[in-house]
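Once you have looked at the hints, place chain D on chain S.
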Amino acid sequence: MAAVSVEIPPRSPYVGVVRLALAALGRASGLDEEQVDELKIAVGEACVNSVLAHEEAGSEEAVLVEYDDDGSTITVQVSDRAGSVEQLGGSDMQDSQGFSSRLAFSVALLESLVDECRFEPRDGGGMITHLAFRR
Amino acid sequence: MELGLDVSTVGDHAVVEVKGEIDVYTAPKLREKLIELVSDGSYNVVVNLEGVDFLDSTGLGVLVGALKRVKAHDGSLALVCTQDKILKIFKITGLTKVFPIHPSVEEAAGASA
Numbered sequence: 001m002a003a004v005s006v007e008i009p010p011r012s013p014y015v016g017v018v019r020l021a022l023a024a025l026g027r028a029s030g031l032d033e034e035q036v037d038e039l040k041i042a043v044g045e046a047c048v049n050s051v052l053a054h055e056e057a058g059s060e061e062a063v064l065v066e067y068d069d070d071g072s073t074i075t076v077q078v079s080d081r082a083g084s085v086e087q088l089g090g091s092d093m094q095d096s097q098g099f100s101s102r103l104a105f106s107v108a109l110l111e112s113l114v115d116e117c118r119f120e121p122r123d124g125g126g127m128i129t130h131l132a133f134r135r
Numbered sequence: 001m002e003l004g005l006d007v008s009t010v011g012d013h014a015v016v017e018v019k020g021e022i023d024v025y026t027a028p029k030l031r032e033k034l035i036e037l038v039s040d041g042s043y044n045v046v047v048n049l050e051g052v053d054f055l056d057s058t059g060l061g062v063l064v065g066a067l068k069r070v071k072a073h074d075g076s077l078a079l080v081c082t083q084d085k086i087l088k089i090f091k092i093t094g095l096t097k098v099f100p101i102h103p104s105v106e107e108a109a110g111a112s113a
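Residue numbers (my numbering), protein chains in the order written: chain S, 1 to 135; chain D, 1 to 113.
These are calculated hints, taken from the structure and not from any lab test.
Backbone N, C-alpha and C define an ideal beta-carbon position, used for all residues, glycine too.
Any given hint might turn out to be false.
Simulated pairs of lysine to aspartate or glutamate, DMTMM-like, Cα-Cα distance not exceeding 20 Å [stated by the list, open to error]: (1) Lys19/D <-> Asp74/D; (2) Lys29/D <-> Glu55/S; (3) Lys85/D <-> Glu55/S; (4) Lys68/D <-> Asp68/S; (5) Lys71/D <-> Asp95/S; (6) Lys88/D <-> Asp115/S; (7) Lys91/D <-> Asp115/S; (8) Lys71/D <-> Asp12/D; (9) Lys68/D <-> Asp95/S; (10) Lys88/D <-> Glu111/S; (11) Lys91/D <-> Glu32/D; (12) Lys85/D <-> Glu17/D; (13) Lys88/D <-> Glu116/S; (14) Lys88/D <-> Glu34/S; (15) Lys85/D <-> Glu111/S; (16) Lys91/D <-> Glu34/S; (17) Lys85/D <-> Asp95/S; (18) Lys85/D <-> Asp115/S; (19) Lys85/D <-> Asp53/D; (20) Lys91/D <-> Glu55/S; (21) Lys88/D <-> Glu86/S; (22) Lys97/D <-> Asp95/S; (23) Lys71/D <-> Glu32/D; (24) Lys88/D <-> Glu50/D; (25) Lys19/D <-> Glu36/D; (26) Lys19/D <-> Glu111/S.
Pairwise CB distance ranges, derived in the manner of DEER restraints [to be verified]: (27) Gln94/S <-> Ala111/D: 22 to 30 Å; (28) Arg122/S <-> Asp74/D: 34 to 42 Å; (29) Gly41/D <-> Gln97/S: 18 to 26 Å; (30) Val6/S <-> Pro100/D: 20 to 28 Å; (31) Glu106/D <-> Pro121/S: 45 to 53 Å; (32) Asp95/S <-> His73/D: 14 to 22 Å; (33) Asp53/D <-> Glu55/S: 23 to 31 Å; (34) Asp53/D <-> Ala3/S: 23 to 31 Å.
For reference, chain S alone in the conformation it holds in the complex (with noise of 0.2 Å):
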């Protein structure tokens, strides 16, 4: 299946738009409807943090999300120009009264749904997640 890559801008509308293509694709690619549901919450979330962190910096720089399939693995990339990978186990992870943050309940659905999660960062400022989910 070819690669695909979509830009959006850093609003939260657009969000439920990617997680709507790419659980098209994800059918494509024979997924079925228990993996596809979990490609759209890993993919929201990834798009979450991205489109949160734009926000928060007052960036209308685009996200751009790159969907690929070779056969065994579909990768996932969400680049962003605000996103901090310091910010992933900070403070920013519980709130003063011990309760886990967004952020927090994000970074757990990530790394439990998806083979392979990474974060780096991203050349010329931003954050990149990485997702892999395998065959």
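Relative to the frame of chain S, chain D by itself:
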């Protein structure tokens, strides 16, 4: 994407029936409704998630925020959910230990009465 929110009363519980997808776009609407209920004096709340197709970390954050608000008034927040794909979200994030999750509104309202 629309998020449907219907509020009713069962005993002394405010029951919020949610329909649709709870995500970064729609979660603020749920947050506003839950804040409004607590502000109006409803400290025992049941959130019915049976009509929810999708739930993300933003929605979880809203539910945790509401739990903190009702706890500040010695209240309760219980969830209704039997869908495996939604229950999985709560299990992965450890929130099954934080929220009482029931199979029906009646049980949720009865358990925390």
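Hint check results:
| no. | hint | result |
| --- | --- | --- |
| 1 | Lys19/D <-> Asp74/D | violated (28 Å) |
| 2 | Lys29/D <-> Glu55/S | holds (18 Å) |
| 3 | Lys85/D <-> Glu55/S | violated (29 Å) |
| 4 | Lys68/D <-> Asp68/S | violated (41 Å) |
| 5 | Lys71/D <-> Asp95/S | holds (16 Å) |
| 6 | Lys88/D <-> Asp115/S | holds (17 Å) |
| 7 | Lys91/D <-> Asp115/S | holds (18 Å) |
| 8 | Lys71/D <-> Asp12/D | holds (16 Å) |
| 9 | Lys68/D <-> Asp95/S | holds (11 Å) |
| 10 | Lys88/D <-> Glu111/S | holds (14 Å) |
| 11 | Lys91/D <-> Glu32/D | violated (25 Å) |
| 12 | Lys85/D <-> Glu17/D | holds (18 Å) |
| 13 | Lys88/D <-> Glu116/S | holds (19 Å) |
| 14 | Lys88/D <-> Glu34/S | holds (11 Å) |
| 15 | Lys85/D <-> Glu111/S | holds (17 Å) |
| 16 | Lys91/D <-> Glu34/S | holds (16 Å) |
| 17 | Lys85/D <-> Asp95/S | violated (27 Å) |
| 18 | Lys85/D <-> Asp115/S | holds (18 Å) |
| 19 | Lys85/D <-> Asp53/D | holds (9 Å) |
| 20 | Lys91/D <-> Glu55/S | violated (29 Å) |
| 21 | Lys88/D <-> Glu86/S | violated (28 Å) |
| 22 | Lys97/D <-> Asp95/S | holds (17 Å) |
| 23 | Lys71/D <-> Glu32/D | holds (17 Å) |
| 24 | Lys88/D <-> Glu50/D | holds (14 Å) |
| 25 | Lys19/D <-> Glu36/D | holds (18 Å) |
| 26 | Lys19/D <-> Glu111/S | violated (27 Å) |
| 27 | Gln94/S <-> Ala111/D: 22 to 30 Å | holds (28 Å) |
| 28 | Arg122/S <-> Asp74/D: 34 to 42 Å | violated (47 Å) |
| 29 | Gly41/D <-> Gln97/S: 18 to 26 Å | holds (22 Å) |
| 30 | Val6/S <-> Pro100/D: 20 to 28 Å | violated (40 Å) |
| 31 | Glu106/D <-> Pro121/S: 45 to 53 Å | holds (51 Å) |
| 32 | Asp95/S <-> His73/D: 14 to 22 Å | holds (19 Å) |
| 33 | Asp53/D <-> Glu55/S: 23 to 31 Å | holds (24 Å) |
| 34 | Asp53/D <-> Ala3/S: 23 to 31 Å | holds (28 Å) |
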